[in-house]
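**Student:** Chains as they are written, first to last, in UniProt numbering: chain A, 1 to 83; chain B, 1 to 302.
Bear in mind the hints are in silico, worked out from the structure with no lab data behind them. Please read all numbers here as calculations on a predicted model, not as lab measurements. Cβ coordinates follow ideal geometry from the N, Cα and C atoms, glycine included. Some clues are possibly wrong.
Some chain A residues close to chain B (C-beta under 8 Å, calculated; not the full set) [to be verified]:
#, residue
1, ASN14
2, ASP58
3, ALA63
4, ALA64
5, GLU67
Sample of chain A residues lacking proximity to chain B, with all beta carbon distances greater than 12 Å (derived) [unchecked claim]:
#, residue
6, GLU49
7, ASN76
8, LEU79
9, ALA81
10, ARG82
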Amino acid sequence: MVGGGGVGGGLLENANPLIYERSGERPVTAGEEDEQMDVHITPGTHASEHAVNKQLADKERVAAALENTHLLEVVNQCLSARS
Amino acid sequence: MKDSLVLLGRVPAHPDSRCWFLAWNPAGTLLASCGGDRRVRIWGTEGDSWICKSVLSEGHQRTVRKVAWSPCGNYLASASFDATTCIWKKNQDDFECVTTLEGHENEVKSVAWAPSGNLLATCSRDKSVWVWEVDEEDEYECVSVLNSHTQDVKHVVWHPSQELLASASYDDTVKLYREEEDDWVCCATLEGHESTVWSLAFDPSGQRLASCSDDRTVRIWQQCQLTGALATACGDDAIRVFEEDPSSDPQQPTFSLTAHLPQAHSQDVNCVAWNPKERGLLASCSDDGEVAFWKYQQPEGL
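Next comes chain A alone, as it looks inside the complex (with noise of 0.2 Å):
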């Protein structure tokens, strides 16, 4: 699922594009061709079209958003390891 990130309108626009996973929901694979995937911007959660994919287009700011989930994942990884 790829939105704006973050929650209200005006901030959202700043904020590098949030890409996640839904709890519960495996990753899809390369090979899973019949699998369909439906990218939904959740309503209420991005300023407008054009702001989101001025955002997504933004090799730089993807790249930074990208960096920060890896960082999240490591961060996590580290939790769990310690629970």
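Chain A is already provided as a structure; the job is to place chain B on it using the hints.
**Tutor:** Chain B only, in chain A's frame:
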């Protein structure tokens, strides 16, 4: 046009990641590169090849987005997605991190040194441009936080001879700043681009400013006249060089494409940089992690 840019060599500068930016030192003898591997590398020549002379690691926790040499060539600043800017001091072939500038709320996108060497500017996704003063003891102090842009600020550059600062933004504008009565103020906004402005370059005389954008145009701004080649790095993997037509009106110049190299890299070209001393020597870097060196030959008749 393909022969106008001849490949001199390639180096796998930032393996398994992207190379974001390049900067030649003022003497033209060293090239700094930075990238997604969180490192800065310094390249120099050994005979006919380019070799890595230093690796600056342990400075940043995330992507290093831009690097900038001080006018004296003894310092290098690195701007990172980790929201900090490191200042490295050169000691022969070694570099030591002497200060880390903090304050931006999120990713720092660019850093630039003023021609005097006493001022530094940084900009960030937090929409601000910061001006820092450096004193003789290498102490840095933020003297201004400029909140003129309404979105992510992508690039800052100083005028080559005046204390005039320019910034480019996701808000589609270019802004100019100067110090007026002890305060830094935004003195001009250049509108016209239809999308994010990614980068800026003054011509050597400082009379013209070039800006490039996601709208796929390069715009030349003039305040009230030099020629010189203009090189562009593009998301279509190509490098292009433009030159001003010698017979065109300096107030309404026309530019021609004098070199076009498709597939200069195997992925997006992120940066091109002219060597300040060796005429026609151009370096480029790409999402493929490589740095390439090119020789540009000005076409006859120019």
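**Student:** Can you list which hints this structure breaks, lowest number first?
**Tutor:** No hint contradicted; all consistent.
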